[in-house]
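A.B. asks: Okay, here's what each chain looks like letter by letter:
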Amino acid sequence: MHNTMELEIISFGKIAEVIQSQQLQISGLSNTDELKVYLEKSFPPLSRMTYKLALNKIIVKENLQLKNKDTVAIMPPFSGG
Amino acid sequence: MKTERYDRQIILHGFGEEAQFRLSAARVLVIGAGGLGCPILQYLVAAGTGHIGIVDDDTIALSNLQRQILFSTADVGKLKTIVAVQRLQEMNPEIEIKPFNLRIQKNNILDLLKAYDIIIDGTDNFDSRYLINDACTLLKKPLIFAAVSGYEGQLAIFNVKDHQGKATNYRDIFPVSPQAGEIPNCAENGVLGVVPGIIGAMAAAEAIKMITGIGKPLINILLHYNLLNQEQYQMHITPATDYTLPTTEDDFLKMNNHHDLESPSTYIEVDAIQMHALQQLPSTLLIDVRERHEVPVLDPVTYIKVPMSEFDTFLNTDIQEENILLLCQHGIRSVAAAEALQEKYGHSKKIYSLKGGIVKWRDHFLTPSNER
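Sequence lines, in order, name chains A and B. The first sequence begins at 351 in the working numbering and counts up one residue at a time. The second sequence begins at 791 in the working numbering and counts up one residue at a time.
In case anyone wonders, no lab produced these hints; they're calculated from the structure. By construction, the Cβ of each residue, glycine as well, lies at the ideal position given by its N, Cα and C atoms. Mixed in with the good hints, there may be bad ones.
[Stated by the list, open to error] Reference excerpt, derived from the structure (chain B facing chain A, CB under 10 Å, subset only):
1. Leu826
2. Gly827
3. Asn979
4. Val981
5. Val985
6. His1026
7. Thr1028
8. Glu1084
My request is simple: use the sequences and hints to build the entire structure.
C.D. replies: Shown next, in the form of structure tokens:
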């Protein structure tokens, strides 16, 4: 089975310095939990940052299935005023 | 009500005198009179919001003026709340504006919030933001969350039910506060003045929309704004179940936030005088954790340089000295460094962080060679 997917990654704030917004080709991943593991392995500084994923503009609370052409935003908390 | 002042908005389609009456009866509390607070207040006051409270315990610094546009050079050193009320009341004497010159805390926030209908969070730190969020959630007060970093901003409305009857709060996005020092604030990371200007104006717009009933406020939506490419990205928030919040005021007052529970802070925050006393002790190491480009440059013999970006590597080496004092520009990163060292050494060493950092004790650090 061919399970390569293309995801659009959008990153914000300091996370954009670690992972630039890009089209990401991935294979062997099927859900957002696996994507987090993959991202933290590929971009190690991410593992020390607080962030939240949004899948197709919905903030991810529990593990969600990924499909080809999904958009994943990676967002840090901001505190500045 | 004299209406000439508000004529240009009253004649708007969908606004009218009724919306103006609603505005004049509204009670809005703005917490933080800084980069966000200034434009939020200016637009709420100009639009005729009837009762406004301003909470801040800070004084105006020269480095505030680049974005805190209510204040002028002659105001440096004065209390933000007092100057803000004076300027705003000149702008519109027909409304009531109250200053609260205090720092919000667990034991004063509930009474403050109860006197207002809508709360706007324009503070500059996570402790305040989580406190405001939890208190507003307990009291079911509509909360407009506005925050900035660098060239970007975030905006959302919490504790207001959507058409499905669901309300959310900040913990539905970030259940636990980040560790101290993990997320840089404006003082550490920088911010372009127009960013809080834009996000602050948007926050004021959301307040006006909620009060008057026009348009679709950002309920259960987090808006992300990027000035560099002028892009906005909206994300939907749904209620989460991985946190608990107090349901009574008694529980709220007894609550420890998660951060306190996870990392009991046994390092000590000191002032410049205590730092000076520590320097006299025989076994003290002073560590400057700022990055190499930051100024003023300190004497490298007295203050060894270990930037936060290199701190993980540094943790692998063993320190001989008994007392370790950490310092940075504002005393935020040094707390993170102190926590890391505390974790490594436990009670075997005494660890200190300079509260307020080099900026606060500037005179103590300036020498003829590093003065700019």
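A.B. asks: Now tell me if each hint is right for this structure.
C.D. replies: Hints, one by one, checked against the model:
1. Using the Cβ-Cβ criterion of 10 Å, the hint placing leucine 826 (chain B) at the interface with chain A is satisfied: the shortest such distance is roughly 5 Å.
2. Taking 10 Å as the C-beta contact cut-off toward chain A, the hint placing glycine 827 (chain B) at the interface holds, the least distance being around 7 Å.
3. For asparagine 979 (chain B), the shortest C-beta to C-beta distance to chain A is roughly 7 Å, which falls under 10 Å, so the interface hint holds.
4. Interface restraint check for valine 981 (chain B): the shortest CB-CB distance to chain A comes to about 6 Å, inside 10 Å, so the restraint holds.
5. Contact between valine 985 (chain B) and chain A, as hinted, is supported at the beta carbon level, the nearest pair being about 9 Å apart and thus within 10 Å.
6. Against a cut-off of 10 Å between C-beta atoms, the interface hint on histidine 1026 (chain B) holds, since the closest Cβ of chain A lies about 5 Å away.
7. For threonine 1028 (chain B), the interface hint holds, the least distance from its beta-carbon to any beta-carbon of chain A being 6 Å, beneath 10 Å.
8. Hint on glutamate 1084 (chain B) is violated. Least Cβ distance to chain A is approximately 17 Å, over the 10 Å limit.
When the structure is compared with the earlier hints, a violation turns up for hint 8 alone.
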